[in-house]
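Asks: Residue strings, one per chain:
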Amino acid sequence: MHEMSLAQALVDKATELAEKDGCHKVLSLDVSIGALSGVMRESLEFCFPVVARGTALDGATLNVTEVPLKAECSNCRRISYPEPFEIECSHCGSMNLKVTEGRDFKLISLEVE
Amino acid sequence: MCIDCGCGDAANTHDHNHEHDHTHEHGHTHRGSDGKEYRHTHDNDQPEHEHGRKIRVEQDVLSKNNDIAIENRQWLDRHHITALNMMSSPGAGKTMLLEKTLERLPQDCTVAVLVGDQETDLDAQRLQGRGSMVKQINTYQCCHLDAAMISRELEAYGDAHINILLIENIGNLVCPASFDLGEHSRVAMLSVTEGEDKPVKYPVLFNGADVVLITKTDLIPHLDWDMQKCHSYIRKSGSRARIIELSARSGEGMDAWIDYLQTMKRHD
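Chains A and B, in that order, are what the protein sequence lines are. Following the working numbering, the numbering of the first sequence begins with 311 at its first residue and continues without gaps. Following the working numbering, the numbering of the second sequence begins with 387 at its first residue and continues without gaps.
No lab work stands behind these hints, which were simulated from the structure alone. Beta carbons: idealized from backbone N, C-alpha and C, even for Gly. Each statement offered as a hint is correct.
DSSO-like mimics (lysine-lysine), calculated; alpha carbons at most 30 Å apart, straight line:
| no. | chain 1 | residue 1 | chain 2 | residue 2 |
| --- | --- | --- | --- | --- |
| 1 | B | 450 | B | 521 |
| 2 | B | 651 | A | 408 |
| 3 | B | 615 | A | 380 |
| 4 | B | 440 | A | 335 |
To list a few chain A residues with every Cβ distance to chain B over 10 Å, as calculated:
| no. | residue |
| --- | --- |
| 5 | 356 |
| 6 | 365 |
| 7 | 382 |
| 8 | 385 |
| 9 | 386 |
| 10 | 387 |
| 11 | 391 |
| 12 | 400 |
| 13 | 401 |
| 14 | 402 |
| 15 | 411 |
Go ahead and model the full structure; you've got the sequences and the hints to work with.
Replies: Quick look at the structure:
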């Protein structure tokens with residue numbers, strides 16, 4: 311379960327950014343998980359409070375937004391929102407798509423005291 | 387105090403000159419990360435929850451790993467080493483393929499192998515004695531290799547005059563997919579005993595692969611394996627990877643894999 315590592319990376323990143331801003335207490339944080347990021351929401355939500363314990367993020371609320379896949383067709387240039395297990399153009403059926411959104415695991419914002 | 391509407395500020399409180407019991411509500415909205423407004427209320431008999439200052443950061447959570455991976459890649463480039471990150475489920479034949487690869491590579495390919503496992507150095511032992519540097523990394527409780535683990539090993543190759551570094555990741559189709567190690571090529575392996583649909587069951591790993599190796603093809607006569615279906619599933623995962631079918635045991639298809647390694651090798 312690599313979400314423990316991901317939760318650790320998230321806590322490290324949020325702590326670093328909060329401290330850079332002169333804050334020592336994070337109340338909540340907003341993250342986005344792309345459909346092709348390899349991050350499982352439930353596992354992350356399970357791991358986060360454990361990793362956050364004793365840090366500036368102890369007790370912080372984790373708000374997760376799931377970002378669907380967005381891809382541009384290299385054939386007809388139109389946009390599709392395919393499932394990760396069936397990446398094909400919903401307009402022309404081409405499988406030659408460029409994924410433009412949905413790969414990232416991002417920390418969007420922090421709410422600090 | 388709320389930064390959006392100022393509720394709770396002195397200027398927004400109201401006086402009561404009469405006594406009666408009531409619960410009153412302040413309703414207000416917050417803008418969520420999805421851009422939508424979310425409304426909620428506070429009752430006066432509920433403790434008010436804390437509101438803080440919002441800092442917008444928009445950063446990749448794995449940026450630390452990615453930064454180390456970039457440093458690894460730069461280090462490898464300076465030392466004219468091509469690194470390949472080999473990923474598969476446990477038992478897809480990574481170590482067997484590496485054994486045969488080390489035996490088959492021509493002399494101008496000087497190779498080092500880093501093998502990752504949670505425990506034991508059994509794989510490293512199997513790969514010893516074939517003229518290549520072999521090092522085992524044990525990750526213990528960790529289910530994947532990350533860029534920092536590779537970074538710690540690189541110095542040993544500074545004067546080793548190798549031109550290919552083969553990294554055998556932990557046998558796992560999920561976790562290794564999220565971690566850039568600084569490799570130049572991501573190799574996803576799938577053995578014919580696993581079923582044709584692995585690429586769509588684990589699309590993250592296959593989507594990000596530069597090469598997909600379909601291994602253990604010598605076993606196909608004993609299975610109901612549909613090669614075309616497997617290729618189709620690889621494409622459905624969004625992968626544009628080159629696909630090589632091979633059997634390390636029989637040697638079938640190994641030439642195509644060795645040719646790929648030679649083309650990846652730095653020629654400067």
